[in-house]
Amino acid sequence: MSTWIAVIVVVVVLAGVGVWYLSAFNAFVRLRNLVAESWKQVDVELQRRHDLVPNLVAAVRQAASFEQGVLESVTRARTDAQRLTARDDADVAAVAAAEELLSTSLTRMQALAEQYPQVQAVRGYDALRRELADTEDRIAAARRLYNANVRALNTRIESMPSAWVAAAHHVGRAEYFEPTSAAVGDVPDVGDLLRTDRAEP
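Using my numbering, read the sequence shown as starting at 1290 and increasing by one per residue.
It is worth saying that the hints were derived from the structure and are not from the lab. Cβ coordinates follow ideal geometry from the N, Cα and C atoms, glycine included. Incorrect hints may appear among the rest.
Label pairs and their computed distance ranges (CB to CB) [claimed, not checked]:
hint	residue 1	residue 2	range
1	D1378	V1299	42 to 48 angstroms
2	R1412	A1316	36 to 42 angstroms
3	A1383	I1294	57 to 63 angstroms
4	A1422	R1350	29 to 35 angstroms
5	A1383	F1314	28 to 34 angstroms
6	E1447	R1372	55 to 61 angstroms
7	Q1404	F1314	54 to 60 angstroms
8	A1456	V1298	42 to 48 angstroms
9	L1303	E1447	51 to 57 angstroms
10	V1318	L1434	27 to 33 angstroms
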């Protein structure tokens, strides 16, 4: 009788371990899918910004042929960012760096454009500027959701005993999508920008 009890206990324990293992594995599948899905939303919002940039540059160029260097830097930054985000195997850190450069270039262009009333008078400029601001808010919201999913995945990977399941199935940590410097989002001093731009040869 005691043998049967021991067998039943072993079977119950093994069944419990099996259920836990499958549950842990399914949790990793779900978290990886959430990370991938939320990254697609980030990508959609970044693409929306990339699509706005040429129109914004064209609107500024109509009244501000004065700042060709600034406009060209925005165009280059947009091209580089778009090339990186278009890849299926996008490197999150590289995308973040490229988007930071684009954000800095756009901020510089807008700060300089505000010094010229004729830019504000260009038809559609104000609407484009508002749409860009709305897009930046949407990017920030999508980034927060993506980073929350990354944090959940990475925490589970680092936690025991689920770390064993992660190691067995080669589940790797995901990268956060964050600016690469604390200066991102800071509004530059317009006077400094004007002095810097005009000091360039």
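Going through the hints against the structure:
Between D1378 and V1299 the C-beta distance comes to about 45 angstroms, which sits within the given range of 42 to 48 angstroms. For the hinted restraint 36 to 42 angstroms between R1412 and A1316, the CB-CB distance of approximately 53 angstroms leaves it violated. In this structure the supplied range 57 to 63 angstroms holds for A1383 paired with I1294, their Cβ-Cβ distance being about 60 angstroms. In this structure, A1422 and R1350 break the distance hint of 29 to 35 angstroms, their C-beta atoms being roughly 20 angstroms apart.
Between A1383 and F1314 the beta carbon distance is about 30 angstroms. The supplied range of 28 to 34 angstroms therefore holds. Look at E1447 against R1372: about 33 angstroms separates their beta carbons, and that is not inside 55 to 61 angstroms. A hinted range of 54 to 60 angstroms for the beta carbons of Q1404 and F1314 is consistent with their spacing of about 58 angstroms. Under the hint 42 to 48 angstroms, the C-beta atoms of A1456 and V1298, about 28 angstroms apart, miss the expected range.
L1303 and E1447 have their C-beta atoms about 27 angstroms apart, which leaves the hinted 51 to 57 angstroms range violated. Range check, V1318 to L1434: Cβ separation about 19 angstroms, and the 27 to 33 angstroms hint is violated.
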